[in-house]
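> Sequence:
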Amino acid sequence: MASRYSDVYAAWKADPSGFWSEAAEAIDWFERPRRIFDAELGTYGHWFPDGVTNTCYNCLDRHVKAGRAEQTAFIYDSPVTGRIEKISYAALLADVKAMAAVYGKLGIGKGDRIIIYMPMIPEAAIAMLAAARIGAVHSVVFGGFAANELAVRIDDCRPKLVVSASCGLEPGRTVAYKPLLDQAIEIANNKPGHCLIFQRDMLSADMVPGRDIDFAAALAAAKQAGEETPCAAVASTDPLYVLYTSGTTGQPKGVLRDNGGHMVALKWSMENFFGVQPGEVFWAASDIGWVVGHSYIVYGPLLNGSTSVLFEGKPVGTPDPGTYWRIIAEHGVTVMFTAPTALRAIRKEDPEASHVARYDLSRFRALYLAGERADPDTIRWAERALGVPVIDHWWQTETGWPVAGNPLGLGLLPVKYGSPAVPLPGYDVQVLDDAGHPVGAGTLGNVVVKLPLPPGCLPTLWKADDRFRAAYLAEYPGYYKTADAGYIDEEGYVFIMARTDDIINVAGHRLSTGAMEEVCASHPDVAECAVIGIADPMKGQVPAGFLVINANVSRETAEIEKEVIALVRERIGPVAAFRTAICVKRLPKTRSGKILRATIQKIADRQPWKMPATIDDPAILDEIAEALHAKGIGI
163 MASRYSDVYA AWKADPSGFW SEAAEAIDWF ERPRRIFDAE LGTYGHWFPD
213 GVTNTCYNCL DRHVKAGRAE QTAFIYDSPV TGRIEKISYA ALLADVKAMA
263 AVYGKLGIGK GDRIIIYMPM IPEAAIAMLA AARIGAVHSV VFGGFAANEL
313 AVRIDDCRPK LVVSASCGLE PGRTVAYKPL LDQAIEIANN KPGHCLIFQR
363 DMLSADMVPG RDIDFAAALA AAKQAGEETP CAAVASTDPL YVLYTSGTTG
413 QPKGVLRDNG GHMVALKWSM ENFFGVQPGE VFWAASDIGW VVGHSYIVYG
463 PLLNGSTSVL FEGKPVGTPD PGTYWRIIAE HGVTVMFTAP TALRAIRKED
513 PEASHVARYD LSRFRALYLA GERADPDTIR WAERALGVPV IDHWWQTETG
563 WPVAGNPLGL GLLPVKYGSP AVPLPGYDVQ VLDDAGHPVG AGTLGNVVVK
613 LPLPPGCLPT LWKADDRFRA AYLAEYPGYY KTADAGYIDE EGYVFIMART
663 DDIINVAGHR LSTGAMEEVC ASHPDVAECA VIGIADPMKG QVPAGFLVIN
713 ANVSRETAEI EKEVIALVRE RIGPVAAFRT AICVKRLPKT RSGKILRATI
763 QKIADRQPWK MPATIDDPAI LDEIAEALHA KGIGI
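If you're matching positions, the sequence shown starts at 163 in my numbering and goes up one per residue.
Calculated pairs, PhoX-like style, for lysine-lysine (alpha carbon to alpha carbon, straight line, at most 20 Å):
1. K756 / K415
2. K322 / K625
3. K272 / K625
4. K772 / K415
5. K267 / K322
6. K476 / K747
7. K764 / K701
8. K747 / K510
9. K756 / K772
10. K612 / K643
11. K415 / K625
12. K476 / K756
13. K793 / K747
14. K793 / K724
15. K322 / K272
16. K793 / K764
17. K793 / K701
18. K756 / K510
19. K476 / K510
20. K353 / K322
21. K353 / K625
22. K267 / K385
23. K643 / K415
24. K175 / K612
25. K353 / K267
26. K724 / K747
Keep in mind the hints are simulated off the structure, nothing from the lab.
With these hints in hand, go ahead and build the complete structure from the sequences.
See the structure below:
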């Protein structure tokens, strides 16, 4: 079908308040907002400031009342335990009502904070939705996070309650959560009154008398007693959750999300951007510890009346690189969302995509990618393997929903590889130079969004308005600083090339490491890569590329390195001064799949560095240091 994008975007630009007023009709309000936007409130204004609503009501109660009681809300698929469970909207609502009653008995009420430190299990979503039901503010911390980092977050949001589990599961190992939680509470100055602990079969946790309560027993007792809690009426502008950005050290940066604007934006995006209808199965292969999990595992699909897949596993190793395709086939997934790094991991293990043929993907319509730059080579590989559109899109923890992308729900636009396509309604994306002046089409610069940000984006940081203004609004007055670098072409397509920290200066030339990564990734033997800038006394910085080779390649790595260097020289030119390529077994990443380029750079430049709190496997940094030393770098 022809795309309606241009008309819809123009309609938003002509009348932003009218556009979002209409979108707000898709949400149930206890008191409908009379004001759509008030520029005088908050740091840059507030959406729907006089509206009264409840997020849990919109995710569950209204669907049960409207006849979706027996529809599946969550499909829990855990290849690490072998368990698959389908949970209806009615069953989920019953559990959430009972858990909300448990919270109430523990003295938790509107505005109180709850930290959720859980694996990818249904109980985590129940804990989130129950918090939303009573108007409490939840903060999910990735399960297995280091004790000091958890302690910092406990001290920042001062929770009355922590909801956790005895353990989480990784391929081949069990991670005990409870000792980490106990240690974090010991370190923290703020001591939560209680901890609800879900005991998993594979590992039982020791309980602290008087503080720790068995999650399952408390939930069962509340259900048996018929204890239910109605939805609290909360202001649209009241906080729903705080989510600390990955890699936070020292003073944490808690992204705040409100209730009303968040619901309006997510509901609009499910149908208009992802093209998913109520009743259809949507799968975001992420974790509730990251913003994707909040927006598109829990809240977005449930607001839309869709079915969401809750996946406890990995793209490879649980048990093989066909796991994603099995889940799509078995559960009738229509649209999936994952990170490019997950696809690259699958491609590394199965370069020929031989596992795809084992499954019936006839109901599958599209694959969405975000979280890292989606290099064109990976997108083409997935397009060939799956035979559906593979849609790159771009957003941030701070925005809560996509800033730019190709809108399946409005009709796809022509694809431009390397671009997440076009800005979505609500976002006036521009590119400025370092002095804050607009640059021409095709010119690399600082990507910003003209204020106000649309509904769903952060109104501020948790208890830190001044820090929010300084970090995001001060450098380019009238704009939100994304801290991403890129350009916009003549047709309005956005190209995100790197974080602004990843633009390197080689002998006075500003060059994008993302552009070099695209070239490196185009080599047929390269599964994934990272390019960083290394300090150089002559040129200021010179690039170095780290290459992970496909599993089926037996050639000498030195040959591949030479070929990649020649490719970059050919496609970007000698100005790049790209003379160092290093084959490594794997790249250091956060648990959300982001490559830790800044840490690699510090190792190469012999600068002090701290182990990133969110790193997936710390041993990889030793391997990177050894590979650098073998080339005479970072010694």
